[in-house]
Each structure stands twice: as C-alpha cells, then as structure tokens.
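**Student:** Generate the whole structure from the sequences, applying the supplied hints.
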Amino acid sequence: MLLVRPGEKVKVRVKVNGVWYERDIEPRMLLVHFLRDELGLTGTKVGCDTTTCGSCTVLMNGKAVKSCTVLAVQADGAEITTIEGLSSDSKLHPIQEAFKDNFALQCGYCTPGMIMQTYYLLKENPSPSEEEIRDGLHGNICRCTGYQNIVKAVQDASRRLRA
Amino acid sequence: MKYVGQPVKRLYDDKFVTGKSTYVDDIQISALYAGFVRSPYAHAKIKSIDVTDALKVPGIVAVYTYKDLAPLVKDGIRIWNTYEDPRQWKFIPRKPLADDKVRFAGDPVAIVIGVNKYVVRDAIDKVNVDYEKLPPVTKMEDALQDKVLVHEELKTNVAFDVPFNGGDVEGAFKQADKVIPVEITNNRLIPSPMEPRGIVSRYEGGTLTIWYSTQVPHLARSEFSRIFGIPASKIRVIMPDVGGAFGSKVNFLPEDVSVIASSIKLGRAVRWTATRSEEMISSEARHNTFKGEVAVKNDGTLLGIRGDLLVDLGAYLTVTEPIQPAIIPLMIPGPYRVKGVSIRSRAVYTTTPPITMYRGASRPEATFIIERIMSTIADELKLDDVTVRERNLIRADEMPYTNPFGLKYDSGDYISLLREGIQKLQYNELKKWAEEERRKGRKVGVGMAFYLEISGFGPWEFGEVRVDENGDVLVITGGTPHGQGTETAIAQVVADTLQIDISRVKVVWGDTETVVASMGTYGSRTAAAAAGAAMVASKEVLEKMKKIAAGLLKADVEEVDYAEGEFFIKKDRSKKVSWNDVAKAGYYGKELGISAQIIVPGDVTFPYGVHVAVVEVNDYGIPKVLTYKAYDDIGNVINPALAEGQIHGGAVQAVGQALYEEAIINDDGQLTVTYADYFIPTAVEAPKFESYFAEKPHVSAWPTGAKGVGEAALIVGPAVIIRALEDATGKRFNKTPVRPEEIL
Amino acid sequence: MFPPQFGYYRPSSLADALDFMSGGDAKPLAGGQSLIPMLKLRIIQPKFLVDLSPLRELYFIRDEGNAVSIGAMIKHSDLVKDLTVKNKLPLLSHTASKVGDMQVRNMGTIGGSLSNADPSADYPAVSLVYEAKMVLSSSNGEREVEARNFFKGPFTTEVQENEVLKEIKFPVLQGYKFKYEKIVRRAGDFALVGMAVLAKAEGGKVDDIRVAYTGVSDRPYRPYEHEKMLIGTVTLDKIKEFAEKVSNSVNPPSDSRGSSSYRRKVMQIVTINTLKEVLGVVS
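Residue numbers (our numbering), protein chains in the order written: chain Z, 1 to 163; chain D, 1 to 744; chain Y, 1 to 283.
What the hints contain is simulated information worked out from the structure, not anything from laboratory work. Incorrect hints may have been included.
[Unchecked claim] The list that follows gives simulated cross-link-like pairs (lysine to any residue, SDA-like), each with its CA atoms no further than 25 Å apart:
1. Lys-440/D - Lys-624/D
2. Lys-100/Z - Glu-690/D
3. Lys-98/Y - Leu-626/D
4. Lys-100/Z - Lys-15/D
[Said to hold, decoys possible] Computed far set for chain Y versus chain Z, every beta-carbon distance over 10 Å:
5. Ser-22
6. Ser-139
7. Glu-158
8. Lys-205
9. Val-250
Here the structure is a predicted model, which means the values were calculated and not measured. A virtual CB, placed ideally from N, CA and C, is assigned to each residue, including glycine.
**Tutor:** This is the structure we're talking about:
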C-alpha cells in the first residue's frame, strides 16, 4: 500500500518510448503534463479540457488513451508510447509517411494524437472500412483538413502495413 | 513550369508527424507561468481585489491587478488601422486588465504568476474579488436601447453607425414587381483552432522578445511598441509553429499585454497558454442580423436591396471586428447586378465575450445574406436557384465591374463558371436523385450557392530571396503560413522562377528579426501577395546572377540568358557557366552575396465559385451533410492539393457553422458551452468532398496570378448547406445554425 | 484543466481500500474518465483518491450460468471484446461499444460509469432492463442493491461515502432480442436520448419486454407500468400508444444538446422506431 498525503509527492516510474523515467510528482499531475513538462516530450499536445479533442492521445500498455484524462500516478509502472516513439532511426513509420503523402495534416496540432490513434485503430482492425475509420477517429478532432485526406492516409497506411 | 500547378508535397511535414513541432506551449524556456482571475459575471463593478491569500500559495511570485500594470502601459489595444478607419468607431482602447468594471463573464481582472501551472491555478481560486453585480445586456437588440451602457464614457452602446448607399435604391424599388421582406442571421460561434493561443515574454537589457501564437508578428511588434512605449527596433516577435488560427489570431488580448507587462515588471520571463475554456472566450465570431427587403421583377431580376445590418461586438472592440460591419455591406451585392443598395450598418456592444474575425471575415456573412436573398427570390417567384443566379450575374463583358459601393471586380466570367460548375458537380442529376429518394421516404436534399469573394488584400507584401555559396536558396517571406502549406507554394514559385530543384529552396517566416517587414497570412492573400513578392524578388536575384555570369563569360549582360541551371551566351550556347558556379562567384567575388528584397504593392482580387451539397435529415431532425462539392475560379492554382485542402477544411467549418456550432450565451451573459458540447464536427459528421478548379481561370493582378482560396468554402458553404436542408425538409431557414429541433 | 491538490492511496486489497475509505473524504478512482474531468473543472475537491486499479479482485467476468458477474474495474473495451459478455449479455456488449470514443473505452470502467450515474450515460438504462444487481462493499460488509433502487438522482446513487461498487450481476436472458439506440448530435457525445430494449418475442407475440431510457430525466427511466401494455400481440398502434405514454411520463432536461420538448419528441420517435425494429413490426 502507498499513502501520499495532500501536498506530498509520489515517486512514479514510467517507461516512455523504451526508456525508464523516475520522477517525484504530485498525485494530481496529469499524464500529459508529466510527458510534456517533466520529461520534455512536447510532441503530445493539449487541445481542450473536456477529454474531447484527442490531441493528447498516447499508447499506454499498447492501448490508445487520452493522456489528459489519466493521472501520471495511474501510469506508474506502465509502458507509454508517444508520437516521438513511433519512428526509429530517423525512418518514418508507414503511418507517418501516409499522412505526409496524402496531405492529411495542415496546422499539425491534432496530428500526433491522430497518428497515435490511427496506429491503435489499425492494430485492432488492420483493414477498416471508411465508416470504421471515421468512427474510430471520432475521438480526435481536426479543425483544418476536413478529414477526407486523413481517411485516405489511414487507408493508405493500412495497405502499407499489410504489404 | 515544373512545380507550379503540381500537387507538390508539403516541405515541412516531418516535424509535425514526428512530434517535433514547436508551438508556443512547447517552447522550452525558463519562464514563470501566468494565469488569470476572471469575472464570473457579465457586468459588474469591481469594488475591491484582495490578493493576500493568493500570494501565500507556495510558488506564487506575484499577483497583479490593473493598478500594478497601468504605469507600464502607455496606451491600450486599438484597432487595425490598415483596414479600419478609427474615425468611424466609438471605442475605448483596451486596458491590460479590468479597471473599475468587468464587461463580460471571463473578463480578466488579475494576473497570477507562479512557478508552474498547477500552483497558479490554485492561487487563482484564492484571489478575492468583491463585485457589485450590474444588469447585463446580452442581446444586440436590447443593447441598441442604450438602457444598460457597456462603456459609460461612450454614452452609447452603438459603436458604429454608417449608411452604405450605392446606386439608385429608390428607383429600384419603384420599378419592382414585388418587394420581399428578409431577415437573415448568423449566430455567434467560435473559431476554435486546435491550438489554444499563448505567449512567452522576456524583457532583458531593454529588449523585449516575444514568442507569440499569432498570424501577424510584425503588426504585433508595432502594436506592442505603441502600447509599451518601447521602440519597435527593441522588440522581437517570433512566431513559432501555430496550430491554426482562422483569423482569430490577428488579435491582441489584454492577457498578452498583461503577460508582457508582468515580464517587464518582474524582470523575468513570463508565459501564458490559454486553456480551451479561455480560448473559447478569447475569440468569438460572426453574430449579426440583416433585416430588410428586396425589390425584384417577376422574372427574377434583382433590382434593389435595402435594410438594416446589426452586428454584435461583444464587450470590447477587438483588433479585427471593425472589418465586419464595414465590409459586409460592400459585399452584399456580390457577383450580381444590383441597381441600388441601401444598408444602415450598426455595431453594438453587449456584455458578452468579444467578437473577432473568423475565416472569411465579413464575406461569409455577406454571402449568406445575398445567397439567402437569391434563394428566397427563387422560392417566392417559383424559379429555380440556377436560373435566378444566371439572370442576375454580372456578365464577362462587363468586367472589370464596379459595384454600387465602388468595389472594382477585377476579372472573371461568372456565368460560364456557374454553368460549368453546375454541370461538373452534377447538380441537376443530384436534384433529380434527391427528389426520387424523397418519394421513397428519405429526407434528403440538394442545395447550391454562388459566391464572389474579396481576397488577396494589399496594400503590400514583402519577399526576400538569398542565394548562398552553394547555390541553395533561402526565401524570407512576409507571409505567415500557419497550416495552409503556402510556404510550399512559395517554394514552388521560386523554384520555377529560378529553374532550380525545389529541394534547394528553404522558406522561413515569422521572426521580426529575420523578416524585414510583413503583413501576414490572412484574407486568403498568401498565394497572391506573399508568393508574388517572392516571385519578384527571385526575378531580381536572377538578374543579379546574370550580371555575375556575364562577368564570368566576359560578355555584356544583354548577351547572356539563363535556362535550367545554366547561364549562357545567347549566340553561342557552348559558352556557359552553371548556377552553382555563378553562386560561388557571387559569394566570393566582387559583389558579395546574391540577394534581393522587395515590397510588392497590390490590391484586392475577387475569386468566385459555385458549391453544391447533399444533406440528409434523420428521423430525429438531425442533419448530416453527405457530400460537398466545389467548383472555383481562384486564378492560377499553384498547388491543387493545398488548394483542395483549404476547400475541405473550410467546408467542414461550414458544416459546423450551418448545423452544429453555436456559442450559447445565457441571460446572465455566460458562455454555457464547453468543448464537450460545442459541436466541432468529427470525421463522422464530415462529408465526402469533390473539389475542382476552373479549367480557364481568371488571374489576379498579383505576380503569381493567384486569387486566394483559403476562405472560399466557409464563405459560401453555410448558404449551400442551409439550402440543401430546405430542399430536404421543405422548411425555410434563414439563419445559422439550424438546430435539430427546428428541423423536426 | 488543473486538478486541485489531493492525497492518493494505493491499497493492497479491497479490504484495505474499504478500511481507508471508512475514514471519509476519499473518492475511489476507477478508470478516471468521469472523475478526472470533474477534478480538472474543480467541480469536486476530495481529500483523497483511492486507486482501485491494483485490486485484481475487481477485474473479473464470471459466467455463473444464468447470470454473469462483472467486476467493477472491467473496462468498456473489455465488455466490447469479451466472448462471454458478447454471447451472454449481447445488449451490454453492444452498448459498451457506443460509450464515448475508443480512447475513453480503453480506460473507463463499468463500475466507475455506473457509480457516476450521469443522467445521459449509457449503462444505467441497460442495467435497468437487465434488472442487474449491484454489489456494494464497505468495511462493514457487502450488500446487494437492485438496479431499480440504485439510481437516486443526477450523479447520485445508493453508494454511500464509505462504499465501493464492487460487482454487477447481470441475469442472462436467453433468446431475448436487444437493442441500444443512442441518439447523438455528434459522434462521441453523451446521448440526447438513449433507449435500451430487451424483448422476448416470437411471431408477433411479446412474452416479456423491458424498456429503459437515458437522457430523459434526472436518472434512467424504466416505464414499468406502461411496459405491460406491450405484452401479447404487438401492433403498431400499441407501439405508438406506448411511445406517447412514456414520453408524457417524463420531464426531460433542457440543455445545449436540446430542449425538453425536443427530447420528448425524440423519445417518442426512437421508441416507435426501436420497438418496430426489435419486435419486427412493419407499418
């Protein structure tokens, strides 16, 4: 058991993009702030305060979650993958390539969350229909692209990953 | 032309897809965090502010109110003099924090500064403000009565009251076969870029450095210079990656001024990033009503329009809101021949969040008004939508055409485009299909609307091109792309002008220390003005390189020509030097460096198009836009993929404006929606798109010949979608948004 | 956006957690998808959060033959995928797929959602039609509460300050037709009106039918009395009459999603459409 009194800090150990980090933080700290402010991984973005927009989407133990609605202390011992962890050795992941090739981004703010959610969606459903793609992405809001190019990118990525 | 006209991939997407983007909140800098104490009331006197408890919160460095910051602030936030005439306006320059009164729920009253965002938020709760509530005035129509004054010093809530008279309105109405009353409203909504705005301010050794989520770093510099009395040469504004703006980030908030003032006062860097709730009240948009009548002939000819335009300003006049009441009337005639127009345009203060421009900035409002008028004429006279428009569109042989308010439409063939568009978008086939589906019981409808818009605003834009010793090219542009991808369009234009590989071209913008001057990216002007300036600068660079080549070839410059990376003697092509050779010579030779800077003047241009939408309504009155199609003449299309992207994005915002988005203000003047119930469309609500550009475009006077496409779909989209909704339901709607319960 | 300060307790067992909670001012943290948004808006400011995630004893799906017992910490995404739930409680599995979005479903739990009792949430109506039983634990012991007595008002349930919803027992209704119809204005939103139906019907005859709604009142609504009129031969007229009766029996809320009168209309229409579909009645 672990007791942290109000005002005290708690030690959390989180594996992010393959690297273990240990920090003392307040229990109230949101995972997204832990990633951005404690670890300096600013690829994950904050876009709203009502768990609506999905800009903060990361993978926690392989599952897509909205990191603004997870306490860092809930991620203690967990493995997190952020957008920074998707590509390795400066080679882009096929999803990242597909987004570029299909003009699936404009201002780029929703893009990290959108890509992480796409990664999860295609893991769960490697060959989704257009309707399944749109439905699977409805927790990620984009204000710029109108979504059609994003759908195309997901379809393209799906083909590349199955090749 | 190797690149212009091609769907060249965007140059800088790598950083966005890998999370290496740097928006203002991502900037890693040692700075204190700011937060704001905001009024919960729409209208109240501030009796006292007690900050003692807030200062006791560990980690809090300072809490400032108006009286603390006033000595640092020499002037308030004013309006955009480039496009707006202050003499037409009654306003009080905006103070950094509320002084004696708050005027909307959310009006910032104190700034709290501390070591992290969490303790700042804690301390905000501990600032005790004693308010004396005053009655709010939330409706425009009530504000007109001047019973409750938002700004007592102004002695009225009416900030702008200007008649717009053009042509012969009396004659028009005398000749009318029919006079049709209209009342058309765009309700308040929220631009909502995905990135909430923010600012980082650092004042050291007399120099102010600001990282700012803005569309207009140079305007920001001159405004902050005036506000703080710091010479512009001692201010550096840096635009980091900006996560969308849609016009709402041409705006200087009291929060920005407070952060800067605090950083000066404390001698420490201070930063603020809005939460989504703060972003929602920092910039709201549209909200206007046109009430009037239209004179027509029985064959559908539009003769005259007269009426009253009432525009809501919110509690304070913002940098860009003056555009709306001034430009909406000018664009109401649109692409149609109208004998006379008479509009009284008024703008009023209400105790609500301030209103700014939003993608289209007066043209969506004007287009909605004129297109609703056109459709109303069609319905009243039992004509079809296309016929009514064709009857009234200005003909190609009348171009350039001066509208009743003196706007000169530069080039275009509206009727041909309408006909081509209706055919290409299969409008008539869709209408037949929808009719059949309705017989089967589906509530599905098709709508169309035509638009003429004004874009490519001048008066100038800046471009600089430098060639380095390797022959690579740096383009420094006065444009400030923030998602549109127009930096790629600029690179395409430069690469084609210099006939070099686009991979050798790098485009930078947004830092006032690097960019000599700039107006910025707004009003769909970047492909026209910024790319135009870059093109002219490139041409000058090429001339300089020809001179250097002539020296190397030992010839006169008139004998030298250039093509595809080689400078050669016209009469003897075997005598040549390469681009790289000339670059190196230019760098190490007599004339050090090859560069050119130019400010290119220019003025507005007028793109136009026809859009079509298919809307279906379910059993619960909930509408969905199934398909959205566009056919536009935007002049020269530099990059069709980027242009199409603007149509897609603008159209989904049109879906939002027409059917989903409403900033609902309650009687207490509070915004009652959060991002959870302010319905930005998701991928499920977004339609499928088809987007085409005119086969024979009409160019603008800007060097690239582009007219601008960024705002088009939101300018005409709401009218298209509402028309389709009418077709689907058989009901009449003259406002946005339309709620499901109004449909059911 | 920034939760207030609170303490945090990570229990070693359910008994340990309950013991801690008996001290008061401690809220249980399940998936956090309802709790954390409230903390961010500072609607609640508890002294302690008790993290239920280490408690393996709350993660189970037990097939007990004519009932399935589900531990409170089972996630929405688990309910969507688990074969036992899909086969034996298909209405619950189908409903789980409509909660929020994929990311929220990966964290949110059935226990957390039921305990939160949002008047527009999805599970409460489903628990009413299943006639589920909620097992509440405290350091004083366990008690069972029927679903119909569990929901007391908006965001208010029978769960006391020192109690935790431990488990929900769902009777298995073999051969029942089912549907959860969720009317939303935008994908991912809370229901404007939601309707859950379980019906034992064959060849135009209804032997048993349970209907419940969300979004039409301050708690989930099951029209126990009116349901009876649907027993026996079912006709379109009966369905319409039922729809009118139930929509006049409630006073739906008005909010940014829709007005009270609109919700009433939607309730009427969704009732007719859903019953027609489930009971196979054509016009």
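**Student:** Taking the hints in turn, state whether each one holds.
**Tutor:** Quick rundown of the hints versus the structure:
About 18 Å separates the Cα atoms of Lys-440/D and Lys-624/D, which keeps this hinted pair within 25 Å; it holds. As the CA atoms of Lys-100/Z and Glu-690/D are separated by approximately 20 Å, the hinted pair is consistent with the 25 Å bound. Between the alpha carbons of Lys-98/Y and Leu-626/D the distance comes to roughly 22 Å, so the proposed pair stays at or under 25 Å and holds. Taking the CA atoms of Lys-100/Z and Lys-15/D, the gap is about 11 Å. The hint holds against a cut of 25 Å.
The beta carbon of Ser-22/Y sits about 15 Å from the closest Cβ of chain Z, which is more than 10 Å, so the claim that it is off the interface holds. No Cβ of chain Z comes within 10 Å of the Cβ of Ser-139/Y; the nearest lies about 15 Å off, and the non-interface call holds. Glu-158/Y, annotated as away from the interface, keeps every beta carbon of chain Z farther than 10 Å; the closest lies near 26 Å. Chain Z leaves Lys-205/Y outside its interface by the beta-carbon criterion, the shortest separation being 35 Å against a cut-off of 10 Å.
Remark: the non-interface label on Val-250/Y is consistent with the geometry, its nearest Cβ contact in chain Z lying 27 Å away (cut-off 10 Å).
Hint compliance for this structure: no hint is broken.
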